[in-house]
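J.: Okay, here's what each chain looks like letter by letter:
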Amino acid sequence: MSPDAEGGGRNVEGEAPVIEETVETDEATVTGDAELERTLGLSGGLAIGIGTMIGAGIFVFPGLAAGEAGPAAAGSFAIGAVVALLVALPTSELATAMPKSGGGYYFISRGLGTLAGTVVGLSLWFGLVFATAFYLVGFGYYAVDTLAEVGVAVGDGLAVPIALLFGAGFTALNVTGTENAAKLQNGVVALLLSILSVFLLYGALDALGVVGAPSAPERFMPFGPVPVLTTAALVFTSYLGFAQVATVAGEMKRPGRNLPLAMVGSVVIVGVMYVLTVFVATSAIPSGELAALGETAMVDVGRHYLGGAGALAIVFGGLLATMSSANASILSTSRAIYAVSRDAILPRWASRINLKYGTPHVALGLAGGPVLVLVGTGEVEVLAEVASFLHLVLYGLMCVALIALRRDEPEWYDPDFRVPGYPVVPVLGALSSFALILFMQRLSQVVGLAVMLAAAGWYFYYARGVSLRGAL
Amino acid sequence: MTRVLVPLAILAGESVSPGLIDLLGTVDVTVLGYHVVPEQTPPDQARLQYEDRANEALDDVTEEFAAAGGAAERRLVFTHDREQSVERIADELDADAVAVRGATGPVERLLVPLTGAVAADRVTEFVVTLVGDRDVDVTLFVATDAEDEAGETALDDAAASLREAGIDVETSRATGPPFESLVDAAAGHDAVVMGERAPSLRSFLFGDEAERVAAETVGPVLVVRRGEEAAAPERDPDADAA
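Quick mapping for you: the protein sequence lines, in order, are chains S and F. Per this note's numbering, the very first residue in the first sequence carries number 67; after that it's consecutive. Per this note's numbering, the very first residue in the second sequence carries number 6; after that it's consecutive.
Rather than coming from a laboratory, the hints here were simulated on the basis of the structure. There's no promise every hint is true.
Said to hold, decoys possible - Among the chain S residues that face chain F by a calculated CB cut under 10 Å, a handful are:
1. Glu93
2. Thr95
3. Glu103
4. Leu106
5. Ser167
6. Gly168
7. Val241
8. Lys249
9. Glu317
10. Leu397
11. Ala405
12. Ile419
13. Tyr423
14. Leu430
15. Leu432
As the list claims (entries may be wrong) - Label pairs and their calculated CB-CB ranges:
16. F/Gly30 x S/Gly435: 46 to 56 Å
17. F/Gly193 x S/Pro413: 53 to 63 Å
18. F/Glu19 x S/Leu271: 57 to 67 Å
19. S/Leu250 x F/Gly18: 24 to 34 Å
20. F/Glu61 x S/Ser109: 32 to 42 Å
21. S/Glu475 x F/Asp27: 53 to 63 Å
22. S/Gly435 x F/Gly110: 46 to 56 Å
23. F/Glu61 x S/Leu250: 29 to 39 Å
24. S/Gly74 x F/Ala108: 43 to 53 Å
25. S/Glu475 x F/Asn60: 31 to 41 Å
26. S/Asp92 x F/Asp142: 42 to 52 Å
27. F/Asn60 x S/Lys422: 20 to 30 Å
Stated by the list, open to error - Quick look at which bits of chain F chain S covers, simulated, 3 or more residues with Cβ under 8 Å:
28. 43-51
29. 56-63
30. 78-89
Cβ atoms here follow ideal geometry from the backbone N, Cα and C, with glycine treated the same way.
Could you put the whole structure together from the sequences, leaning on the hints where they help?
T.: Have a look at this one:
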C-alpha cells in the first residue's frame with residue numbers, strides 16, 4: 067500500500083488536496099518529476115527561531131511582566147521556557163518524520179485528521195496574525211522612543227500609526243523584494259545577540275554587586291505564586307518562534323539533524339536570555355516602576371546601567387528585534403496559508419505566485435491585511451495573549467498527535483529524532499500547554515475560542531469532503 | 006561514459022544554441038532545468054504552479070540533445086540557491102563537465118587554456134572524447150607572467166596526447182594577466198574548454214571570471230570538473246551555505 071492511498075476527497079469547490087509520494091533526502095525533496103532543493107542550514111533555522119522569539123520577550127514584556135509578578139517574573143519566563151521545551155521536543159520528532167512546509171498544521175492534519183487540521187491550520191494563520199500585530203505595536207513604541215532618544219518627542223499616540231505604516235511596508239517589501247531576506251534576518255539576529263550579550267553581562271555583574279553600587283533588595287514574589295503563573299501565560303508569546311522553524315521544515319538541509327537542533331537550541335538560547343533580562347531589569351529598577359514604564363521599560367534599564375549610550379543601544383536593539391519578529395512571522399504566515407491551501411482547505415488561489423516577483427502575493431496579503439486591522443486596536447496584552455492561546459492549542463494538539471501516531475505507528479512514520487522520555491514529555495507538554503490557557507484573561511480566551519469555532523465552522527462548510535489523515 | 010551537465014533557467018526562457026548541442030553530440034548530457042524562487046516562496050509552491058510548463062520546455066531541450074547523438078537525461082529543480090543545486094547534481098551524476106551556455110554556430114575551433122593549477126590530464130582526456138573523430142581544431146593556451154617551466158611542460162604533454170588522438174593542435178603562449186590574455190586568445194574560437202580551479206566549481210562557475218569569459222567570448226564555456234583525487238579536502242558536511 068502506498069502511503070498516499072488514504073488521502074484525498076474534495077472540498078466544496080471540487081478541489082482535491084495535492085498529495086503525492088516524495089522521497090526526502092538530506093539535500094532535496096524528490097517528487098515524481100522535480101526536485102525541491104533544501105537550502106536552509108542550521109544557522110538559518112536558528113535565526114528564524116531566535117529572530118521570531120527574541121523581540122517580544124526582551125523588548126516588550128519585562129515591564130509588563132514585572133508589574134504583574136514582581137521580580138518573580140523571571141520565574142514566569144523560566145516556566146514558559148520549560149513548557150516550550152516540553153513542546154519543542156515532540157515537535158522535533160514530528161518535524162523529522164514529516165519535513166514538509168506547513169509545520170504544526172501538517173503534523174496535526176496527518177496525525178489527527180482534517181477537522182483538527184483545519185482548526186489548527188486556520189488558527190495558526192490567525193495566531194501568527196495576532197502575534198505579528200503584537201510585534202508591530204511593540205515596534206511602534208520603540209520607534210517613538212527612538213525618536214525621543216534622538217530629541218524628537220512625538221508622544222505614544224504615534225506608536226500605532228507607525229506600526230501600521232511599517233506593517234504595510236513589510237508586507238509590500240515581502241511581495242516585491244526578491245533579495246535575500248533570510249540573509250538580512252541572520253545578520254539582524256547576530257547583531258542583536260551581540261548587543262544583548264554585552265548588556266546582560268554588564269547588568270548581571272552589576273546586579274550581583276560585582277561592579278557599581280549594590281542595588282536595593284526587593285521581595286521576590288510580592289504578589290504570591292498565582293501571578294507568576296498568569297504572567298507565564300502572558301509571556302508565553304515570547305516563545306512562539308520555535309514552531310515557526312517547522313513551517314520551513316521542507317527547506318531545511320539535513321532535516322533529521324538540523325530541525326531538532328534549531329528548535330530546541332533556539333528555545334534554550336532565548337530562554338536563558340529572557341530569564342537574565344528580567345533578573346537584570348528588576349535588579350536595576352523596582353518592579354512597580356518598571357510596570358509604569360510599560361512596553362519600553364528596557365530603555366530605562368539600559369539608561370540605568372550604561373547611561374544615554376545604553377538607552378540608545380536598547381532602543382536600537384528593540385527596533386531590530388521587533389522588526390525581525392514581525393517579518394519572520396509574516397513569512398511563516400504565508401507558508402501556513404500555502405500549506406492549507408495545498409490541502410484544499412482554503413481555495414487554491416490563496417497559494418498563487420506572483421508572475422512578476424515570484425512571491426506568494428495572495429498569502430502575504432492574507433497575512434498582512436488582518437495584521438493591520440489588529441494593529442489598529444493597539445491592545446498589546448490582548449494581542450499577545452490571543453496569539454499565545456492559538457499557539458498553545460496548536461502545541462497541545464501536536465503533542466496529542468505525536469501520541470496518537472506513536473500508539474499506532476503507521477508504516478510511513480519513521481522520524482530521525484525520537485523524543486526522549488516518551489510518553490511523559492508529550493503528555494506533560496500537552497497538559498501544560500492547555501493549562502497555560504486557563505491562566506489567561508477572559509477576553510483573550512473568548513477571542514481565541516471564537517477563532518477556533520469559526521475555523522471549525524469553515525471545515526463543515528468548505529472542507530468536509532477532504533481527508534488528510536495519514537496522507538503524506 | 007563522459008557526462009556533461011547543462012544548467013538552464015528553464016522558466017526564464019533560456020535555450021541552448023545549436024552549436025553547443027552539436028558540440029556535445031559525442032557525450033552524454035544531463036539538462037538541468039532550474040527555477041530560482043525568492044526566500045518568501047517555498048520551492049514546493051512554485052512547483053505546484055510551474056511544474057507542467059517547466060517540464061514541457063525541458064522535454065524539448067532534452068530531445069534536441071538526444072537527436073544530436075548522445076544519451077540525454079533531464080532533471081528539474083526548484084531552489085532558492087542556484088549554485089547549490091548545480092553543484093549537488095553535478096556531484097550526484099559525477100559529471101565530467103558543466104556547460105556555461107553561450108551562443109555559437111558550428112564549432113570548428115576550441116580554445117583550451119591550461120593556465121594555473123588545473124588538472125591538465127582530465128582536461129585533455131575530456132577534449133579527446135568531446136572532439137571524437139570530428140574535424141575540430143584545438144588551441145592549447147597558457148598564460149605565464151615569467152618563465153614557467155611547469156606550465157611549458159604541461160602544455161607540451163597535453164599537445165602530445167591530443168596529437169596522438171589525431172587532433173589538430175596549435176599551442177599558444179602569452180605573457181600578461183591570465184584572464185585578459187585568455188579573453189584575447191579566445192578571438193577566432195567557437196568555444197572554450199577549461200579546467201575547474203581550486204577551491205571549488207562554485208567559485209569558478211559563478212565568480213567574476215566565468216561571467217566575464219562567457220560575456221567576453223560570447224561562445225559557450227565547458228568547465229571540466231576536478232576529479233575526486235584532485236578535489237580539495239573533504240568539505241565539512243555540516244557547513245552551512247550561509
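J.: Tell me, which hint numbers fail for this structure?
T.: 15
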